[in-house]
Amino acid sequence: GAVVSQHPSRVICKSGTSVKIECRSLDFQATTMFWYRQFPKKSLMLMATSNEGSKATYEQGVEKDKFLINHASLTLSTLTVTSAHPEDSSFYICSASPRGSNEKLFFGSGTQLSVL
Amino acid sequence: LAKTTQPISMDSYEGQEVNITCSHNNIATNDYITWYQQFPSQGPRFIIQGYKTKVTNEVASLFIPADRKSSTLSLPRVSLSDTAVYYCLVGDRDSNYQLIWGAGTKLIIKP
Numbered sequence: 001g002a003v004v005s006q007h008p009s010r011v012i013c014k015s016g017t018s019v020k021i022e023c024r025s026l027d028f029q030a031t032t033m034f035w036y037r038q039f040p041k042k043s044l045m046l047m048a049t050s051n052e053g054s055k056a057t058y059e060q061g062v063e064k065d066k067f068l069i070n071h072a073s074l075t076l077s078t079l080t081v082t083s084a085h086p087e088d089s090s091f092y093i094c095s096a097s098p099r100g101s102n103e104k105l106f107f108g109s110g111t112q113l114s115v116l
Numbered sequence: 001l002a003k004t005t006q007p008i009s010m011d012s013y014e015g016q017e018v019n020i021t022c023s024h025n026n027i028a029t030n031d032y033i034t035w036y037q038q039f040p041s042q043g044p045r046f047i048i049q050g051y052k053t054k055v056t057n058e059v060a061s062l063f064i065p066a067d068r069k070s071s072t073l074s075l076p077r078v079s080l081s082d083t084a085v086y087y088c089l090v091g092d093r094d095s096n097y098q099l100i101w102g103a104g105t106k107l108i109i110k111p
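One line per chain: the protein sequences are P and W, in this order.
Per the working numbering, the first sequence starts with residue 1, numbered consecutively.
Per the working numbering, the second sequence starts with residue 1, numbered consecutively.
Quick caveat, the hints were computed from the structure, so don't treat them as lab data.
One thing to keep in mind: the hints can contain errors.
Unchecked claim - Listed next, with one range per pair, are the computed distances between beta-carbon atoms:
hint : chain 1 : residue 1 : chain 2 : residue 2 : range
1    : W       : T56       : P       : N70       : 39 to 45 Å
2    : W       : N19       : P       : H85       : 24 to 30 Å
3    : W       : N30       : P       : K41       : 29 to 35 Å
4    : W       : K54       : P       : H85       : 46 to 52 Å
5    : W       : T53       : P       : S18       : 47 to 53 Å
6    : W       : T56       : P       : K14       : 49 to 55 Å
7    : P       : K55       : W       : T83       : 26 to 32 Å
8    : W       : Y51       : P       : A2        : 18 to 24 Å
9    : W       : V55       : P       : N70       : 34 to 40 Å
10   : P       : Q60       : W       : P76       : 37 to 43 Å
11   : P       : H85       : W       : P76       : 25 to 31 Å
12   : P       : S83       : W       : S74       : 29 to 35 Å
From the three backbone atoms N, C-alpha and C, an ideal C-beta is built for every residue, glycine too.
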């Protein structure tokens, strides 16, 4: 199957700092990537859809100025958590769907963010 | 609200066949049924996808009755490493990313 690489896998930061998470499609081009958030023992929640060359589409309740998404190339999308606070601590996961895959989603390994 | 309903948890033993059933009473004509597996602190992994009848791949089978209001993921001869959360999703192939993730089924395999 297709490979989606996500880095870093774990990050600890101080409150007020910004954290960038990268999501790369290694063996396919992804015009669209998706960012999710997952709390412990809870299900995935779609945060936003990242579109190559255009603005991201955010789900209701997700602050676009808080979670900056950049999709500058067909293989890379980044999520920046700006001015992070402890309540932003969570597991963040990206995914992408290769063309011709019947829209099956392939996921990155996730990033565990801990804000102190 | 999620479009699917699954058991919250299931237990089984190594070497057994495990069947997890998912209800999706409001499935639409264009919806496909997809199952994912997630281990702790990892992203979900695609297992299998189907539209109707039966689909089989190297890791699982998916049984879908004619009315498509439910589906059953079958894992043959499970091992301890199959302990994970299994999610059933239904959605249009053109809007897969909009799928709403339910709570999934926590499968625990015992020795």
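Original post:
For this structure, which hints from the list above don't hold up?
Top reply: Numbers 2, 7, 11 and 12, in rising order.
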